[in-house]
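Asker: Taken in sequence, the protein lines are chains A and B. The first sequence begins at -7 in my numbering and counts up by one. The second sequence begins at 3 in my numbering and counts up by one.
Hints in this document: simulated from the structure, not taken from any laboratory. None of the values given here were measured: they were computed from a predicted structure. Hints should not be assumed to be uniformly reliable.
Result set (SDA-like, lysine to any residue): computed pairs, CA atoms no more than 25 Å apart in a straight line [to be verified]:
no.: 1; chain 1: A; residue 1: Lys313; chain 2: A; residue 2: Glu351
no.: 2; chain 1: A; residue 1: Lys212; chain 2: A; residue 2: Glu351
no.: 3; chain 1: B; residue 1: Lys58; chain 2: B; residue 2: Arg8
no.: 4; chain 1: A; residue 1: Lys446; chain 2: B; residue 2: Val167
no.: 5; chain 1: A; residue 1: Lys40; chain 2: B; residue 2: Asp188
no.: 6; chain 1: A; residue 1: Lys57; chain 2: B; residue 2: Arg8
no.: 7; chain 1: B; residue 1: Lys207; chain 2: A; residue 2: Gly448
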Amino acid sequence: MGLTAVFGSGAGTSSYEDFHRTAFILLVGSNAAEAHPIIFHHIMKGVKNGAEMVVVDPRQTLTTKKAHEHVRIAVGSDIALVNAMAHVIIRDGLYHKEFVEHATEGFEAFAESVSTWTAERASLVTGIAADRIESLARRYAAAPTCMIAWTLGITEHHNAVDNVRGLINLALLCGNVGRSGSGLNPLRGQNNVQGGGDMGALPGRLPGFQDITDPDVRHKFEAAWGTLISKVPGYDQTQMFHAMEENRLKGLFVIGENPVQSDANSRLVRRLLSDLDALVVQDIFMTPTAELADVVFPAFVSFAESEGTYTNSERRVQRVKAARKAPGEARDDLWILASLARSMGHDWPILGAQALFDEMRRLTINFRGITYERMEKLRGMQWPVYDENHPGSSVLHERLWQSDPGPKAPFAVVDWEPPVEGLSSEYPFLLTTGRRLAFFNTGVQSNVYDHPHKIGEWMELHPKDAMDLGIQDGEIIAVESKRGRVQVPAYYSEAVSPGTVFMSLHFPDEVTTNDLTIDATDPQSGTAEFKAAAVRLSRLDEAAGKEA
Amino acid sequence: MHDQLRLTIDGVNVTVPQGSTVKDAIEATNQSVPTLCWHENLEPANACRACVVELKGSRVLVASCSRAAEDGMEIQTTTERVLNSRKLVAELLMSTSNADLAFDLQHLAEITGANPGRFSGGATWERPLQDDNSLYVRDMAKCILCYRCVQACGEDAQNTFAISVAGRGFEAHIDAGFGRELPESDCVYCGNCVAVCPTGALIGKTEWNLRQEGRWNEEGLTRTDTICSYCGVGCALTLHVLDNRIVKVTSPADHPVTHGMLCVKGRYGYEFAQVEGE
Chain A
-7 MGLTAVFGSG
3 AGTSSYEDFH
13 RTAFILLVGS
23 NAAEAHPIIF
33 HHIMKGVKNG
43 AEMVVVDPRQ
53 TLTTKKAHEH
63 VRIAVGSDIA
73 LVNAMAHVII
83 RDGLYHKEFV
93 EHATEGFEAF
103 AESVSTWTAE
113 RASLVTGIAA
123 DRIESLARRY
133 AAAPTCMIAW
143 TLGITEHHNA
153 VDNVRGLINL
163 ALLCGNVGRS
173 GSGLNPLRGQ
183 NNVQGGGDMG
193 ALPGRLPGFQ
203 DITDPDVRHK
213 FEAAWGTLIS
223 KVPGYDQTQM
233 FHAMEENRLK
243 GLFVIGENPV
253 QSDANSRLVR
263 RLLSDLDALV
273 VQDIFMTPTA
283 ELADVVFPAF
293 VSFAESEGTY
303 TNSERRVQRV
313 KAARKAPGEA
323 RDDLWILASL
333 ARSMGHDWPI
343 LGAQALFDEM
353 RRLTINFRGI
363 TYERMEKLRG
373 MQWPVYDENH
383 PGSSVLHERL
393 WQSDPGPKAP
403 FAVVDWEPPV
413 EGLSSEYPFL
423 LTTGRRLAFF
433 NTGVQSNVYD
443 HPHKIGEWME
453 LHPKDAMDLG
463 IQDGEIIAVE
473 SKRGRVQVPA
483 YYSEAVSPGT
493 VFMSLHFPDE
503 VTTNDLTIDA
513 TDPQSGTAEF
523 KAAAVRLSRL
533 DEAAGKEA
Chain B
3 MHDQLRLTID
13 GVNVTVPQGS
23 TVKDAIEATN
33 QSVPTLCWHE
43 NLEPANACRA
53 CVVELKGSRV
63 LVASCSRAAE
73 DGMEIQTTTE
83 RVLNSRKLVA
93 ELLMSTSNAD
103 LAFDLQHLAE
113 ITGANPGRFS
123 GGATWERPLQ
133 DDNSLYVRDM
143 AKCILCYRCV
153 QACGEDAQNT
163 FAISVAGRGF
173 EAHIDAGFGR
183 ELPESDCVYC
193 GNCVAVCPTG
203 ALIGKTEWNL
213 RQEGRWNEEG
223 LTRTDTICSY
233 CGVGCALTLH
243 VLDNRIVKVT
253 SPADHPVTHG
263 MLCVKGRYGY
273 EFAQVEGE
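Just chain B, with the same shape it has in the complex:
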């Protein structure tokens, strides 16, 4: 059948439908592919290189998350070149960025045997915390420039286009346009950038505060799926509750209404539910 593609992954034959990526093909063999910038509801940004693999006939390693699968491709995922490259990605990012909350990056370092301190002592993306509103905090020392926030703010979901990557090389950074502060920008505080951030560079203010106070407790959190109480769209909400208080709201990435995205009311407008004693 011409709408099925046959590939070889580490010597194993696999068949995937037309339109699949190399990553899809690898996953069809029950292997997982490490990723940082890839997100199931965003266009691949090709920024992080964590998912690279070797493609027979290609001089350079290819990003499996975005490379379209083609009939007859031969892919190697465990060569020394692939593993070295992934390890280097982890080591370089960990030398410049604070990976305390970057669980995918920590995982990448772990599975590649990366030495987080290998390049330490050089320049870092250390910069002051940006705490200028009561809904979310920006700790850009944790940013790895994966572009997810830019895409969620832009054409992949929100279509607000409040932020983009400005500057070049090591000076590249997420910017709200003309160096403006966030409250003066086009930002509508939907928090969809926060929802897709893989490193904690963007983090809800309540979670940030609780973590600062040492009171964020993963084991004590319950997560309950319900539906938003505002307009009639019917967005699924996951309420993260700690000590009987809602401390964070997300939405399931596979929900047919939201695809994991919410508006400012749904994500942050929950405090009314826990006003007590008045």
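With the rest of the complex left out, here is chain A:
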């Protein structure tokens, strides 16, 4: 979202190999060693080659342990940090004046907006000492190149897009975009998040990320598809839930997602889906979401049983191939969708993946030069690939450094806001959620194999807090937010700061962490604030005592 607004396309601007040749690596809200282990290999190659690595994270993780500096920031205070860094860089004249002048706009207003964000002020919000903020800002500005990467620690907040814009501001300030060894890199959480967006699986977009409100775009697709396309963007997920609450949306088709367990405020989601007139779920398993469905379409396992492509975090479009036969009545996603349309009276052809890909690339610009043959030969291709002789693009937005930079990249004035749910005497602990190395999201995939570290869900609880509450190491405790209550074993851990507790969402059948999380969402991206909810902790006998 933030990247689209500034540069016109919502994708990482660099290649993984840029980590090898950068001078500075700034990871914010990213635990790459656990959530993106193979990107972390590239990051560590850069460190071996001499890059300084700074990791900004409220928790100690496998990633922070490898950093030259772990900046332990208060949950949800990233904008305060980056605004203060910008303040120092501008105050001391350390920014890239030629780049700012040549390729950006809105600098004056931005500089004005951060003028009050002194390191001292940010220190009060972030919990980071002012001299460390000053030092970080100066080292960042002095580095000739910098790779900035982030993950859900930035985007799973109610002000996600502002967080991203804050990081983009930092990059623009020092010219760290559009060239080798410098860039802005959202590390995608799922195999084909990038590809889904690229292919128009967004309410306002058509394939190739083309804007549905643009009449020329619509006409092109209408001519190709022989049908009329509404100029009104559809609902995003948050809007769908609101429409369900208001009874304006009565049917839902869910493909390959498990919102009953993956979305914030699970109990509300379950009620809304249960109240629908029709729920159709297409999945490889009878997930808790599928169990609520009126109709379930059993699908192929995409990476092992079907043909197609995925696009990764460096925009590399790669071939996916069937390695085994699917069981029983399972069918390919493309077959299911086309057959459904046909049974509803539309004359859709049942096309194979390659035929569909070829149709798509004719209707787009970024993918036009990608063929199945070239992907095979070149181990995938990084878009944009303008024609069949184009080599693909390892770096985006190089135009910003050329004599005609094209549309200027705007700075954004972003101000810090605390997480939506403040702590109170009733709910005095901050629950933040995340991933663990061996597991993945709601565990539909990762809970089937037998990992030596699989002990189910558990909470990281600082020993000081545990002792204050009289909680033993490993004791099963009750955790309550305004939305729900779960029981979970709590283990002592100094990975979290006192006052903050951590849980994952990998074992929702036993511990539905998302019963606790808050469905406050970013108005632009629709992402919920999984990273910050207020909870209270209690020992089970106390909880029982209260109830009795």
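For this one, chain A is given, so just place chain B on it according to the hints.
Answerer: Just chain B now, kept in the frame of chain A:
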């Protein structure tokens, strides 16, 4: 041009770019170099001596995999001294280690005419199988201490540093730190050590079981390249399928994302794809 180096390999002139190794130069003459410890994505460990060659002016044989090529070097790869040395490497390793799955070592023995039994009857690295987790098995009687696993676990890929070589001389062995068992160590079970092991000392549990049962069938295996279904890194997976079941996952060593390395989810987290009948 000063960035090109001219060498003579067995009397043949060859030109290679600056930064090449002697092994690269030999291969530029369409000869192959036998190796055990060398791996295309790891720093040379100089452990095995299978790749040694004679360098004019050098008293000792040099390891061609790690020795930087220099302008004017004269290399001999087929002298009696070289062939004897390589043969001895094979014979010594085969006297101490179980080479059943060490295909590179078997190849070295074959091309050098080694007698695998020449030094048999002495001490061996026979030791109990370590079968303490459900993802991979360690059969260290097959280990030849090539260091590949140590480097893949360490700074050449994974940066976990869970294992290293401990002990000296014949007591040297791969250790998870302070003699700890693997599950108590820093191991994250990525299996990158398994991926680079050239002897089957480290082997996936499923492959191990199938081999024990006599059901591992190379001819029946299909290998299909696809992309991992977990996070957004986009790692290439080679799915090894036997009787419609994924039995092993590797990644192509020349893939620009993975360089043959994977995480635990990509390498071992595939069982969900073949849960049936529930």
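Asker: Going back to the hint list, which numbers does this structure go against?
Answerer: Hint check: 4 and 6 fail, others pass.
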